[in-house]
Each structure stands twice: as C-alpha cells, then as structure tokens.
Amino acid sequence: MLARIVAEAPEFFSYYNIVFLLEAMLATFALSAVGCVIGFAAGFFLAVSRRTISVLLLPLRALTAAFIEMFRRIPFLVTLMMVFFVFQVLGLDISMFSVALISVCLIATAFIAEIIRAGLESVHRTQWDTAAAMNMNLIQTLRYVIMPQAWKIILPPVFSFFILFIKDTALASQIGVVELTYAGKVLNNKGFSAALVFGSILILYFILSYPLAKFGARLEQKLAAARNS
Amino acid sequence: MSYTLQFGQVTGYLPYLAGGAWISLQIAFLAFCGGMVIGLFGAMAKTFGGRALNHLVGGYVTFFMNTPQLVQIYFIYFALPDAGILLTSYEAVLIGMTLNAGAYLTEIQRAGFESVHRNEMEAAETLGMTLMQRVRYVVLPHIARVLFPPLSNQYILMTLGTSMAAIFGVEELTGRAFNVNAETFRSIEVFSLTAGLYIVVTLAATLLLGLFGRFMFRAKMRLY
Amino acid sequence: MPQLEILDLKAAYGQEPVLENITLSVEKGEIVSLIGPSGSGKSTLLRVLIGLLPPIAGEVHLDGERIDYGDKRTLRSLRDRLAIVFQQYNLFQNMTALQNVTIAPTKVKKRPAREVEEEAKTLLSKVGLGDKFDAYPDELSGGQQQRVAIARALALKPEVLLLDEVTSALDPELVNEVLDSIRLLAAEGMTMFIVSHEMGFVRELSSKVAFMADGHIVEIGAPARIFDQPEKDRTRDFVSKILRH
Chain A
2 MLARIVAEAP EFFSYYNIVF LLEAMLATFA LSAVGCVIGF AAGFFLAVSR
52 RTISVLLLPL RALTAAFIEM FRRIPFLVTL MMVFFVFQVL GLDISMFSVA
102 LISVCLIATA FIAEIIRAGL ESVHRTQWDT AAAMNMNLIQ TLRYVIMPQA
152 WKIILPPVFS FFILFIKDTA LASQIGVVEL TYAGKVLNNK GFSAALVFGS
202 ILILYFILSY PLAKFGARLE QKLAAARNS
Chain B
40 MSYTLQFGQV TGYLPYLAGG AWISLQIAFL AFCGGMVIGL FGAMAKTFGG
90 RALNHLVGGY VTFFMNTPQL VQIYFIYFAL PDAGILLTSY EAVLIGMTLN
140 AGAYLTEIQR AGFESVHRNE MEAAETLGMT LMQRVRYVVL PHIARVLFPP
190 LSNQYILMTL GTSMAAIFGV EELTGRAFNV NAETFRSIEV FSLTAGLYIV
240 VTLAATLLLG LFGRFMFRAK MRLY
Chain C
730 MPQLEILDLK AAYGQEPVLE NITLSVEKGE IVSLIGPSGS GKSTLLRVLI
780 GLLPPIAGEV HLDGERIDYG DKRTLRSLRD RLAIVFQQYN LFQNMTALQN
830 VTIAPTKVKK RPAREVEEEA KTLLSKVGLG DKFDAYPDEL SGGQQQRVAI
880 ARALALKPEV LLLDEVTSAL DPELVNEVLD SIRLLAAEGM TMFIVSHEMG
930 FVRELSSKVA FMADGHIVEI GAPARIFDQP EKDRTRDFVS KILRH
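Protein chains in written order, with our numbering: chain A, 2 to 230; chain B, 40 to 263; chain C, 730 to 974.
Pulled out of the complex, with its shape left as it was, chain A reads as follows (with noise of 0.2 Å):
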C-alpha cells in the first residue's frame, strides 16, 4: 500500500489536482457557512415567533414546532434526497450545490431554532417582563436586554453545529455536488489509489475542521469566562 501511495504521489499532487481539491474544500466550507447563516437568521425567526406568537396563531405555532421537531429526525441523506426529487418533480432546474444547500439550510434552521429557543430561555421571565413594563418593544427587548445575555448560551452550539455539518455535508457528494468527497471519487476514478485519495481527502477535512474546533473550544471558554456583557 505504501510503496503504492509513494509511487502515485507526485502525479497526485499535480498543480491541476491541487487547485481541483482546494477549490472542493472551499464548496465543502461554503456549504456548511452559508447554510449555518442562512438557517441562524431562519431558525432566530422560528424560536422568537414560537415564544411571542399570540394564542390566536396557535396552529402556526404548531406548525414551527413540527418543523423544528421533524428536521432534527430526519438523516440528512434522505433530507437530500426529498428536496433533490422535489426540484426534479417541479421541474425546477437549479444545481446540485443549490439542493444540497437548501437541505443544509432546512436542518440547519430545525437545529439551530432549538438552540436558540434554549438560549432564549436562560435568561429569566422577569427580564421580558421588566422590558416589557418599561415599554420596551419585542425588537428593543430582543436587542438591548436578551440577546446580549443569549449570545453565550447559544453561540458556542452554532458553532459546533457549523464544525458537525462541515463533516456531513460529505453526503451531498452522493447527489454529485463538487465537494471535497466528490473529488476524492473523482480522483479515484481516474486510477489513483483509494489509500493515497481518501488518505489526503481525510486530512483535507481535517485541516478544514481542527482549527475552527480549536477556535470554538476556546470561544466556548471566554464566553463562559466572560461577563453578561
């Protein structure tokens, strides 16, 4: 196996395949950003209106509540899958990298709501109700008083979050969008040996993870640390 990897390595690493590979890496990261984002703004929207909608919006509560319910128990292939066959139904033609972000953004929006929603709930009723006493609007009171205390509840999750999906976003490779696991098939299919691809793949994934692991460890203990402010 060694002798193999050794003998293939310098056409593996030819100029062409590197930027090929880079560029998988930054479709793979992009993935999982740009869903985490879009799905933080969705989710922010979810777990806000499941707290404050009034009683007479009880069936729209309930709907947010399934959603958030059902997306967090659903694997993200077949999530893949229902929102591929969905374009293909409507007869939409949008690309591969668009499925596959739409279903990031959809269980990214289910999981991050909770997160949210638990953030939200740390802090104490009576902040709401003092808000709410010095006529404070929903906006001032999210804004001034119970996000400035949520954040470090529900920062470090999302961040964790954003590290897990950039691991399983490799499942979109099935649906063939250009990612970093795509390209290892690529690759292999081109006759280079599964050792050296998925080798490289793995600590491409790796360097890709570690550091923003890393970065949310430590974010994790500042904010910890950190005063409310």
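Please note: incorrect hints may appear among the correct ones.
Coverage of chain B stretches by chain A, computed from C-beta distances (three or more under 8 Å per stretch; other residues unrestricted) [stated by the list, open to error]:
#1 102 to 116
#2 212 to 226
#3 231 to 245
With a Cα cut of at most 25 Å, we get these calculated BS3-like pairs of lysine-lysine [stated by the list, open to error]:
#4 886/C <-> 850/C
#5 739/C <-> 801/C
#6 153/A <-> 836/C
#7 259/B <-> 153/A
#8 757/C <-> 886/C
#9 839/C <-> 886/C
Sample of chain C residues lacking proximity to chain A, with all beta carbon distances greater than 10 Å (derived) [what the hints assert, rightly or not]:
#10 794
#11 805
#12 819
#13 888
#14 910
#15 916
#16 929
#17 934
The set of hints was computed from the structure by calculation and includes no laboratory data.
No residue lacks a Cβ here, since even glycine has one placed at the ideal position from N, Cα and C.
We have chain A; now place chains B and C onto it with these hints.
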C-alpha cells in the same frame, strides 16, 4: 406541473421499509455497543492513563471527530484492500461507525468521569464506606445519571447516521428506500414515507430511553 | 378627579381567579399601601395595573381616561405614565447601573443621550449611588441593586410609581437605605402604590392602607384606623399577628 402524489403504490412497501428501520436500529445498536467499549477504555486511559496513552487516545478522538464518517468508511472499504484487508460493505460500515462512535463516546464518558466530585467521594468516605461501597452506591449511580442523557442522545444521532450505510449497498431503511424508488419511481412518496419512519423510530427511541432514564437513574430527560 | 381609579377589577391565572371586586381610587400625591398575607393578590394587582397580566373584567381609569389593556397603543401610553419596581430588582444583567437607567429613556422614548445621562447620574446620586455608575448588577449588593431599580423607574418620569415588595429580598441591614430613597420620593409628592411588609414604614408614609386577602380588598382606610381600629376580624388578626413580631 402534472405530478400527483400517489401513496397507494408505495404503502404496500411499508412492511419492507419498516423491516429496514429495524436493521437501522440494529446497526446503530451494534456500533453503539462497540463504541461504548472503545469509549470506556478511551475515557479511562484519558482519566487515569499516563502521558503517552493520553496523547494516543487524544489523537484518535481528535482525528475521528474532525473527519467525516463517510470518508472514514470509504477509506476502510476501498483503501484497506490494498493492504490485504478485504471487508464486506456491511463490515466496513459497521467498523467505520464503531470507530467513529468510539471517539464521540470517549469524550462523553470522560466528561462523565470528571463530573464525580472529590467532595462527594470524601463525604462517602467519612460515612465509613469501603471503596467498593463507594463505587457501588455513590460513583456508579452518579455516573449513570449524568451519562445516560448524552448517551441516549448519541444513540439517536447514530440511528440517523446509519442511513449512510445505504451508499455502500446495505439494505437498511434508506437502502430499502432506494430499492423501492427504483421499482416504483414514486420518489417523493417513498422518501417522505422513509422520513416519516425515521421520525417515528427516533421519537419512540427518545420516549423509551427518556422513561428508562427517568425511572432508573432519576435523570432529567425529555420524553419527546 | 382621582388620578387613578380602579373599578370592580377582576383577574385570573388561567381558570383560577386571583383578583376580584377590586375598587380603589387614588388622588394625586397619595401613597396607597397594600398589605396582607402572601398570596392575597397584592403583587398581582400591581402586575395588572402595569399590564403584565390583562384583567378579565372591571375598569382602570388614569386621569379620567379608561385604559384598554387589550389595545397596544393605550397600553404604551399607560406604561409611559406608570413605572414599576420589582421585588427581585430585575436589573438588566448585561448593563451597568447607568445603562440600566438610561436604556429606556434613550431607546424607547428616543430622548437625547447626553441629557438622559446627566439626569440618570443625578438620580443615581440621589439614591446614594453616585460612585457606582459603571458597576454591573452582580457587583452590587441587593440594596444597591434595588436603588438602581428605583432610579431606573424614576428616569421614566412616571406619574405613578408601583413598588412591589421592594425590601423583601434584602438583608435587614440594607432595608433602610432603600426605604430612605422612597421617603425622599414621598416628600416630593410622587403618587405611589406600595406593597410592603414593613408595617412601621407603611404606617408612617401611607395616605391609605388597603388590607387584602384571597384576592379581595377586605378593608381600606387611613393607616391609623386600619392598624388601631380595624373593623373586620381578618384585618385585626393579621395586624395583631404582624405587629407582635
């Protein structure tokens, strides 16, 4: 658009798909048990072991937690044959999932060990308990209560994770969904039914594990 | 015309009634104290008045104008004129003492920051916290936090101030510093609703004392009459018990 949902054609496959869900649960269970054993040794090595052992286990955990399970299995399935290790796809998936679970479960169990406080042990000692009694009445119940919720959570995540076995042709729930899809071409129906089964299975698992944890270990757990 | 008039007010938590037949009127500059056993509805009445718990029946008039608690606009104007101080202070944990006081005037009332800050500093100095502008709540004692809360309520320039057991959570030696701040306000003629267990203080300051039990006002009158010649047995029971210790 002229697509109409027709579940009639697909519902006949429900028993077949449900059988797949059972296989998913089995794979998750096997990998979880294997991962627990690895995790137990890993956590003990990290808690009580020397420097070298600590680094070794740390390296294993860090590597597996920072790379995708799918590519790990690719490596095991496609690259190990070069080294003369031939595995069936089912074996490769199971080994990959077990090693992956081992890394996560090492971390979870280590945190559990660390949560046993020194003063709790000292209090037990002042009550005149022997070491065995302390372990049996203080340490183990404490660890069980602290560990059961995150372990249950991990088990449910792993059940969802088994779906990637389909990529290697294992006929668990997602694998069988691909089969039914190939036969009926009712893609949306097949995959929404499959999604529904995953939801049902994991909801049931959450409920059962939650009840078990609450009654056995007085653990604080959600039931849904 | 009374400044605040409450007519036959009723409120409930879910199905359970917590306030019934509450009728009470307050003239400008009067101090009304609510006393009674815990769970009698004193704090709930304040929560209803500030609109944190919508009433299910009855009326509240402020300067002759009926408050519709279901309507966002009148609720806003009500909260413009009423302010509340809570038992647990409820300071915003993420802000310094000064920020706690300035946040609502600047962000809600959109007043100029500089002017508000000057006022806030004056208010904080008035309650004896001239050296604590930049302290966070977790760096202050309970009594200091409660005085910040009072300054925060005053910064809203309320016409009526609601004080909900503002000394109950404090260590005994800190009670007086907070009571002194309230005495200062009373001297300035602020209309106040006070829920308190400090009977000496209630007797000294109040224009009227209302004794509440089980969500009802049992008896209402001048402090001397309520404490010395209560008409109802329940009031007598309560007063004798509480004055004994």
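Subject >> Hints violated by the structure (listed by number, smallest first) >> reply: Of the numbered hints given earlier, those the structure breaks are 11, 12, listed in rising order.
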